[in-house]
Amino acid sequence: SQQGEEDPQALSIQEGENATMNCSYKTSINNLQWYRQNSGRGLVHLILIRSNEREKHSGRLRVTLDTSKKSSSLLITASRAADTASYFCATTSGGGADGLTFGKGTHLIIQP
Amino acid sequence: NAGVTQTPKFRVLKTGQSMTLLCAQDMNHEYMYWYRQDPGMGLRLIHYSVGEGTTAKGEVPDGYNVSRLKKQNFLLGLESAAPSQTSVYFCASISSPQGYSNQPQHFGDGTRLSIL
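Those protein sequence lines, which keep their order, are chains A and B. For the first sequence, position 94 matches number 94 in the numbering used here, and the numbering has no gaps at all. Remember, the numbering used here sits 1000 above the position in the second sequence when you count from 1.
Simulated from the structure, these hints should not be mistaken for laboratory data. Honestly, I wouldn't trust all of these hints.
Below, a list of computed lysine-lysine pairs in the DSS-like style, where the Cα atoms sit at most 27 Å apart [what the hints assert, rightly or not]:
id : chain 1 : residue 1 : chain 2 : residue 2
1  : B       : K1014     : B       : K1071
2  : B       : K1014     : B       : K1057
3  : A       : K70       : A       : K56
4  : A       : K104      : B       : K1070
5  : A       : K26       : B       : K1057
6  : A       : K104      : A       : K70
7  : A       : K26       : A       : K70
8  : A       : K104      : B       : K1009
Note that the coordinates shown come from a computational prediction; the quantities given were computed from them, not determined experimentally.
Let's have the full structure, built from the sequences with the hints guiding it.
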């Protein structure tokens, strides 16, 4: 079953604006990761936040994690046309060896 | 380095046919995974391997078999393809087992499989 649920399912914004995507999950986790998928391509890892962390930054990306609410958000600042893609949150739990559990994704479109 | 390479990239099969998807990684990664992605869905884990000669079932293993005879290769087999197996299949790997739970997975570009 899908662990995470992203919200919104689709998001269209103007270039230069900020994009925020949310993810909720159901069970306790070791970490939560965000991946990007361009059309017809594989997934590319963006950022990983551990269960004992609350916020993490990487370039124009900011991720927050609230384990009490079982939720995370991904903020992309100053969006660019190249950010158009699908974004997935994924979690690991237990030992983590048994793979990632993904949400259904948010499709982000950046309008030029 | 090529990273994670999947072959073939596209394939069309008839119901009942068999085929093997190959995943190869050149990063000396210990753990490897097969996922499937269906329209509007995230990825779901089919099978995984924590080392050469080992395999384990994931969330949706029925209708698939896997083998990890060499550390760098992870094969996914469909013995008798069904239309429900039409999907995009992704392979992924993780580096060292130590601290694996806090490391990202590296993905291939996928195999697009259609079963008629």
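Hint check results:
1. Our distance criterion of 27 Å between C-alpha atoms is broken by B/K1014 and B/K1071, whose separation comes to about 31 Å.
2. In summary, the hint linking B/K1014 to B/K1057 is supported, as the alpha carbons are separated by about 25 Å, within the 27 Å threshold.
3. Pair hint A/K70 plus A/K56 holds up; C-alpha atoms about 16 Å apart against a cutoff of 27 Å.
4. At roughly 32 Å between alpha-carbon atoms, A/K104 and B/K1070 are farther apart than 27 Å, so this suggested pair is violated.
5. At roughly 21 Å between alpha-carbon atoms, A/K26 and B/K1057 fall within 27 Å of each other, so this suggested pair holds.
6. A C-alpha spacing of about 16 Å is found between A/K104 and A/K70, which places the hinted pair at or below 27 Å, so the restraint holds.
7. About 7 Å separates the Cα atoms of A/K26 and A/K70, which keeps this hinted pair within 27 Å; it holds.
8. Between A/K104 and B/K1009 the CA atoms are separated by roughly 23 Å; this keeps the pair inside 27 Å, and the hint holds.
Checked against the numbered hints above, the structure violates hints 1, 4; every other hint is satisfied.
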